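> Chains A and B supply the protein sequences, listed in that same order.
Take the first sequence: its position 243, counted from the start at 1, is 243 in the numbering used here, and no numbers get skipped.
For any residue, its number in the numbering used here is found by taking its place in the second sequence, counting from 1, and adding 326.
Quick caveat, the hints were computed from the structure, so don't treat them as lab data.
These numbers come from a predicted model, not from an experiment.
Be aware that a few hints might be false.
[Claimed, not checked] Result set (DSS-like, lysine-lysine): computed pairs, CA atoms no more than 30 Å apart in a straight line:
1) B:499 to A:208
2) B:499 to B:604
3) B:551 to A:208
4) B:634 to A:206
5) A:39 to A:28
6) B:499 to A:268
[Unchecked claim] Per the computed footprint, the stretches of chain B lying under chain A, defined by three or more beta-carbons under 8 Å from a beta-carbon of chain A, are:
7) 413–422
8) 629–636
Glycine is no exception: its CB is placed at the ideal position from the N, C-alpha and C atoms.
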Amino acid sequence: MHLALGVDVGSVSTNLVAVAADGQLHSKLYLRTRGDPIKVVQKGLSQLQQELPAQATIVGCGVTGSGRQLAAHLLQADCVKNEITAHAMAALSINPQVRTVLEIGGQDSKIIILRDGVVVDFAMNTICAAGTGSFLDRQAARLGVDISELGALALAAKQATRIAGRCAVFAESDMVHKQQMGHSVPDIVRGLCEALVRNYLGNVAKGKHIEPPIVFQGGVAANAGIRQAFQDALQQEIEVPQQYDVMGALGAALLAERATIRRNQPSKWRGFSVADADCQAISHDCDGCSNGCEVMEFCIGGQSIACWGDRCGKWSHSKGIVVADN
Amino acid sequence: MRVGIPRALTYHDYFPLWETFFQHLGCEVIVSSATTPSIANQGVVLAGDDVCYPVKIMHGHVAALADQVDAIFIPRLLSTLAETCECPKLIGLADMLRHSVPNLPQIISPYVNLRLGKRGLLQAVYASGRAITRNPWRLYRAYCAGVEALRLLQRAYQAGCLPGRSSLQRADKGSIAIIGHPYNLYDSYANLRVIDRLQNLGYRVMTPQMLSSKVLVTANNELHKPLFWSAGRTVFGAGAHYAARTDIIGIIHLASFGCGLESLLIDLVQRVANRHDKPLLLLTMDEHTGEAGVETRLEAFLDMLAWKEAAYCV
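Construct the complete structure from the given sequences, taking the supplied hints into account.
See below:
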């Protein structure tokens, strides 16, 4: 059995998928990154290996997400891609007619506009992470509600309390204030969902032509309250794919498959053995010149594998291995 | 007399003029180095909290010059184009710096107000050099030499060159226009080397400075009402001009977070790009040095351009 491996190392979650040659998902893992991308990828690999049948071979490995560079060195990936392209690929594989992709992840949110199966426009949140998954996480914890129940709670609300959505700090103080005034928790949660959607549409999606079919993906798509708020605001059907939480990884796997099988290239990935290897990333400030670059050095089994982060190439070229984004 | 010129803000628009002017008057001109992490950090510490990042960087450059020179040149730019105005932070820059950077030498800070026409210009020239000589003819000759140097730079730009780089630009993959304030475009620390990244990948980079003022004026006619800001006319004019050009495959708008002028320009440029169906990427820059965010957006944008071209990815 030939499978392509996709890994999406995000700020909040790290996802791994194995995809069969026909594009069907074989297995998926959704893990919390918890600030240690190397460990979590290793843990995911050993879990995935147990789930796969013994005769399975990995014929391609693709990585994406904000930790893709680290993961690329760890796995020696065949394909390293940004999240926009990966998410667009995955959405197209689910619905080839898709014209709008809404994606809300842990630390960032994006909108991708496609026409005839090609990305024609996109945007990501600027420098503020208000209205993303980590913000919802925090508010759920503050209200003492499990994050997975947040959606159901919002749907149970009789009406929405108005919450400021511009900024996470304002939203939080607004929520506290409204609670003290006696608004019920479900109403506040519904209000929070609407504020988040308002912020997304007025900020990330500003000036973009949102047309159906619309696919909503990323971890936050699990929240039925947000889904409903999007439907109400856009007056359109919103499709949430079954694999909404691992779409980035799915896209990376599909891209890896293109980079290897379709080009008749053998995969160069390290194999499952790397799950047990002793891996370390060490950073230091280079003092070679006034740039003072933060150089990262990546070691497996005590041996230096790759360096990156320097502007001049003094460190990265010294290793001979340059995993370039392709 | 040693005159220091901070390599920040409007330095990037006028440096040959300023350097030549003071050299012609017999001064030793010391320009601060290109922005380094320590200059930027120093600036962030010294500057007020709510100014934009380029102004914070300016603070770092001025502090770096403070103990090396007898005077620092920080002109007070009220208007650099008839009927327009400059950003209030540029107008009040010298005062801001005087209060936030300790142990400053004398500050040469002439009013530059071209709303007054030739008279405003001559007053600015006189005020700039008054501390060195009061001979108006000497000052005027130094100014003319400076203007000649500035013209050379402008001619180099219009021939497609970028400052401090080899004259030839490869263009295997096409031309991308990158618009924004010169202090964002030409400070590779502040923009996280976005021009280098594009050039290394084989794109030719076009900037607003490569367009003649005539082209910019024509492009601005598209607006119902002329922009009030001098710098805005260049950025918008370049955006509108490049959006209409078929040889430009995409536009990157480099904006500073919290810039009042950009809040208007972002929308205006977006609209003109939409009208011409030109791919546009907005990069909002601030203090972050993590390059992953810029890399992701840039890579996704270039993927999009390639994908569009070939209707095929990877």
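> Under the criterion that the straight-line Cα-Cα distance not exceed 30 Å, is the pair residue 499 (chain B), residue 208 (chain A) satisfied?
holds, 27 Å
> Would the hint linking residue 39 (chain A) and residue 28 (chain A) be met if the CA-CA limit is 30 Å?
With a Cα-Cα distance of about 18 Å, the restraint between residue 39 (chain A) and residue 28 (chain A) holds, given a limit of 30 Å.
> Under the criterion that the straight-line Cα-Cα distance not exceed 30 Å, is the pair residue 499 (chain B), residue 604 (chain B) satisfied?
holds, 16 Å
> Within 30 Å, alpha carbon to alpha carbon, are residue 551 (chain B) and residue 208 (chain A)?
holds, 25 Å
> With a Cβ-Cβ cutoff of 8 Å, does the region 413–422 of chain B contain at least three residues near chain A?
violated (count 0)
> Tell me if chain A covers the region 629–636 of chain B under the three-residue, 8 Å CB rule, please?
holds (count 4)
> Given the hint that residue 634 (chain B) pairs with residue 206 (chain A), does the C-alpha gap stay at or below 30 Å?
This hinted pair holds, its Cα atoms lying about 22 Å apart.
> Quick one, are residue 499 (chain B) and residue 268 (chain A) close enough, alpha carbons at most 30 Å?
holds, 28 Å
In the structure shown, a violation is registered for the earlier hint numbered 7 alone.
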